[in-house]
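Chemist: Each chain, written out:
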Amino acid sequence: MSVLDLDHVFFLLIVNIGIAVLWGNRPFVGKILTLLYILEGLSILTSYHVLLSGAVLSSSLTFTVMQQTVQWQLGVSGGFFALITFMAAGLATWFSSGVWARSYAPIRLLHSYMALNVAAMLLLLASNDFLGLFIAWELVSLVSFLIIAINGGRSAKAAYSYILYAFLGAMAILLALIIIWNATNSFSYVEVRHHWSTMSVNRQLIVVLLLITGFGIKMAILPFHRWQAPAYAYVPAPVAAFLGAISSRMGLFALFIVLLQVVGIDVIQTLWLPFEIINMQTFLLWLAALTLIIPTFIALRQTDARLLLAWHGIGQGGFMLLGILSANALGTAGGIMHVFNHASYQAALFFAVFSVSYRTGTADLDRLGGLVTRMPISFTVMLVGIIGLAGLPPMNGFVSKWLIYKALLDEGMPLLFLAAVIGTLGTILSVYKLIHNTFLGQLRLEHENIKEVPWSMSIPMMILASIVFITGYFPGLLLESIAAMQSTLGISVVDYHLGGVNTGKGNLNMIVVVSTMLMAIGMGALIFFVLGNPRKQVTQWDNYAGGHFLTSDMRYQYSHNFYPGLMRVISPLYRNTIFWLESAIVSTVQFMAHISYALFMQANYLLYLILLVVISLLWVLAV
Amino acid sequence: MVWDQDKEATKDNYASQTIVLDQILHELDTLNIEQKNNQRFRVDVSAEALPALLSLLKGRAGYTQLSAISCVDWEDEFELVYHLWSYETKVLVSAHIRIQYTPAVYVSVYDIYTPAGFFERDIYEMYGVYFEGSPMMEKFILTEWHGPAPMLKSFDTLKYVNDMFNWQEYQPDWLKEIQAKGGKVVS
Amino acid sequence: MSGQHIFLELILMPLLAFMIGLFLVLMMRKVRARIERRVGPPFLQPLWDIIKLYVKKMQISHGVIHDLGIIMLLGGYITAEVFLPVPGMSGFTSQGDIITLIYLMMVPSLGLALGVGQCANPNGSIGISRALTAMLAYDIPFIVVIAGACLYYGTTDLTEIIALQKSQQWGLLSMPILALAGLIAIHAMLGKEPFEIYVAPAEIATGPMVEMSGKYLGSLFVMQCLQIYTITVLYTSLFLGGGYTWFDFIPKLFLVALLPVMITVIFPRYKTDDVLRWLWKWPTGLALLGLAIVVLQG
Amino acid sequence: MKDVIPIQTNNTETIAVSKNSKNIYQQAIDTFSNFCRARSLFVLHYCTGCGAIELPPAMTSRFDMERLGIQPMVTPRQADILLITGYVSIKTLKRVILTYEQMQGPKYVIGICSCTVNGGMYWQSYATAKVLSEYLPVDMYIAGCMPRPEAVLTGLQQLMKKIEKGEANSWENYFKRYDYYLGNQQHLFGDTWHTPTDILEEARHYHLYGAESTGNNTARLIKYTVEHDLTKLDAPLREKDSMTKRGKK
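Residue numbers (my numbering), protein chains in the order written: chain A, 1 to 623; chain B, 624 to 810; chain C, 811 to 1108; chain D, 1109 to 1357.
To be clear, the hints were calculated from the coordinates, so they are not data collected in a lab.
Among the clues, some could well be false.
List time: in silico DSS-like cross-link candidates among lysine-lysine, alpha-carbon distance up to 27 Å [claimed, not checked]:
hint: 1; chain 1: D; residue 1: 1348; chain 2: D; residue 2: 1202
hint: 2; chain 1: B; residue 1: 713; chain 2: B; residue 2: 659
hint: 3; chain 1: C; residue 1: 867; chain 2: D; residue 2: 1202
hint: 4; chain 1: D; residue 1: 1284; chain 2: C; residue 2: 867
hint: 5; chain 1: C; residue 1: 976; chain 2: A; residue 2: 505
hint: 6; chain 1: D; residue 1: 1199; chain 2: B; residue 2: 776
hint: 7; chain 1: D; residue 1: 1340; chain 2: A; residue 2: 451
I would like the entire structure built from these sequences, with the hints used as guidance.
Modeler: Following this line, the structure appears as structure tokens:
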């Protein structure tokens, strides 16, 4: 009984944009927008069982060009991603609807850009062929440029470098589309997959490389990852949570559809890079593993909490790609599940960091400390978030990581398994530094009478934290739609049950693991509180300092340069080679822009233009 | 002073060194020099001339080290002794000066010898002699002590201890056994 | 697997782990004393220490998270005990494999880190930053060893690994180099002397334990017993064919715990970056060599 | 610090708590815990004076304290015994009191060397505290101008016997007669003397708040605390500034 099909959802989105643009800065409009997003999410949820059975939510939005019918319809994979988008957008707008709105001047811009972003993303998720995909892809990158540049100053500079990357990516995809067109003169996925073998091997190689560059840029895969950290860090709270959760996963959705559905994983395994060194799948897997390790260890050095989380976003993106390309039922399931898991705890972490900076005015880890007694809710949300990000048992991050590790081990790739574990260990180290420097240790004098953030900001955080725990306790909820997704894509399906997965060789039942943990923690609490005598709480000055009387002028806290031993060993590896390359490109393009601007501002610029053309012609003829 | 044979060679260069020292010391008229032995000189100088003597010795005779400053409380005046050592002449010079008892103030030689700061601070804490111009004149050792300068002869430690502290009757078992057998504590 | 059977095992396995852990700790202190030509502690000394700490009348805490961290610490290890294959009791070993166990062993260190963080003492924070660096250092060779073993056995389920070893030969004989690298990694995981950078009494006043008093310190001693037990059982089930009966299982545990202790007593403490460099050079090299052999054997 | 009105009590008789008023289980638990407390003692590795040189030989292979169950521990939080070895200068006494208050009861103080008994050979010095038991409740003295390790070990064994019999609870006197100890401390360090640990609060929390816990000395302390509202976070900073202003000449 699909009460609402895609047209209703599109209509609701347009209503969203209208409200946001017209009455953006009214006080109550934030709540209405949140309700709208939740309504859209529910509408997809009501007809979700239809999607699970493989059917499609069709929409009347079609047009034909060059006798190619471009049609928009939502499959189960699109539906899954759409649910995450609406969850992230709804909670982000809820976060910004209450007291926070008064502290942010261009609130109307924020609401309208957010609505535009969600609409563009839904268009991308519902696209059904290459042309629709490309149109929606352009829309998404344009709109996310707008939302990244909302704060001006640093974020405008980051948005500028993003648009350069996006422009490069779009050109790559367009070139790939052209090659596909004159090989198969059709854009629909089925046709392209059918005619794929007609293309010569190096042309197939070029198309796959172009598509990966194009979509990889939004995903911030290694060589193109420079733009994402500042872009996702220096934006206001709801935008950071929304972008961090779902925006860069659009690239993964496109890659997921293109590589697995159209090109097919077996083709990728047979494609060999020139000189037969390495086949495409291993090359991509190692690219993903490096994308996981290098940004994670860059995150370890950051002192700004927002940048640290943004760098982790890039790292976890590499982890998802590792899962999807592992050509194993468990691996792909883990990869897709990691998209949902990461969306939930990344948004929760961003909300926690921004609620701390809302109250204390800074997100710099060297100027915080000891806030756990003043902001308990933000602490619990951040704790659940970091346990998820680090992938430790009770939370959902562990399930997707377990699936990917098991896949890598079953596929016989131990070194990739090692690379993934190094990435996870780096995450554990840097998330503890995040929570230690913000919430633990000595409280600063200026933060003595800080209060918890208002309810309108802490409720969305708590909802996200509970989602992280519940999907960790019952991973079956997600595995059900993932299995349906795998069957629609025609790849091997994972056999799941509500608690997890049981393969022949070592299985995982999260219901058992988490309930034993809760029982064990109960036993620990029993031993601790019943056997031991009652405890007394002491102030932070009643502390061991080698017989010294603690005076608050000398701060008795260790938070700066948190891992000195590790940094001494691995600091030679941070040589920022890519950073200089990227800033060189960006500055040359800016320089060219200034020159052309100066040229056209001349009184008679046409004369100079003609002169230039004549000279270059002479030079060409002379040579 | 007994010198064994192989030191014979070095004996004369000590003599030549002390001759150089004599010439320098004779340039200042208000000194009277007394040579304890060929490695030790005692110089009595007026309080005003001391800084001049120190810079002279440091500049011309290689007296780079001020080993210590000691202070003697003569109840009507203070005596400050500056012990100087040179690694070239290998002769210890101790310059004695007398300053008035009240007000117990003297000029600091911190700018000539920086270690003087520590010695002057100790003397300030223990004797109450304030050295103007020294950067280290706060309390360092006796931070918990708010009474008079404790090393002065005028301060009666025994009386202070008897007023401030009280004792406890210490009757351990082993003492009782000895007393039972007729022994007693010899006070 | 009837209900009470499971419930009995849920209680019995951690209790057994604690008792065996107590004797492992006692053996370590006795061996250390004997090598230093001392008499060493009496028979039940670790038990008396723990009970005395629990019955101390004054207990100091720095906040709720300080207590929660300690409870998470105890809970983490009790859960890991239930997933360890022990002769006669299967517990939940079928529901979670070796990767789950490795992660379950990371939960207590995070719990301890949170508890110590709230103590607001820089000695504790430095100790925790060194403990996490040491975890990064010893986990890499350990993971390579686990990857090699799982590749060789073809499964990650501990009960199956033990069954395979019983039918064929012990892991120690089929993968000697991996077993050696594993032993070095185990030595580092126990946090004993050459790699004991986070409880450095002279430098950072026993690191994480600086503000732990009474039952908090008692729980840390309980954690030490459970930790030694968990690590040695994991090693025995990977390389020494697990325990056929309790009579051959316990001597294996004591042997695995004995080797590191012998080395520990003679060594002073490494600096943090030397621990990193040493553990990433020799044990990782050995483990990668062993892995290569396993992969080449096909 | 809640607003407590100090009540003037001059009756000094202490209410004797009869031993068998507790029930059988309580008694069984107490005897068992005393049994364990006697068998596992953690000594605080804090040498206040010259006598501390006798401790390393007591721990190492010749005399080996560990066979009695005694272990050296680094921080006051983890330790049961505080060894005051040798002379106690006034400056060190401040740190000794801070360390003692950071230790967790049941805790024991042993005065090693005769300097803790009556001042020893520094008896006429202006800078040393003469009688230690005025400032801290002392369980046992081991006389000798540095007693040999055998003497230290016999002293510790006697303390273990006392603990096993359950008589070594002098640490409760610190709470029950806090006014007496605070008075002596204020006599030495001045009326603004206080440590970060809030003793009266702890006395109430551990039900050791006797009649003599408060008196005119503690009244001065409570007045000073309320005046400078020491419970605020920046109290130590304000106190330090006022101290340096007063300290300047």
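Chemist: All the hints need checking, so say for each whether the structure fits it.
Modeler: Evaluated hints:
1. D:1348 with D:1202: It holds: about 16 Å lies between the C-alpha atoms, which stays within 27 Å.
2. B:713 with B:659: The given pair, whose Cα atoms are some 14 Å apart, holds under the 27 Å limit.
3. C:867 with D:1202: 25 Å, holds
4. D:1284 with C:867: 15 Å, holds
5. C:976 with A:505: 17 Å, holds
6. D:1199 with B:776: Cα-Cα ~24 Å, so holds.
7. D:1340 with A:451: Since the Cα atoms of residue 1340 of chain D and residue 451 of chain A sit roughly 16 Å apart, the hinted pair holds (cutoff 27 Å).
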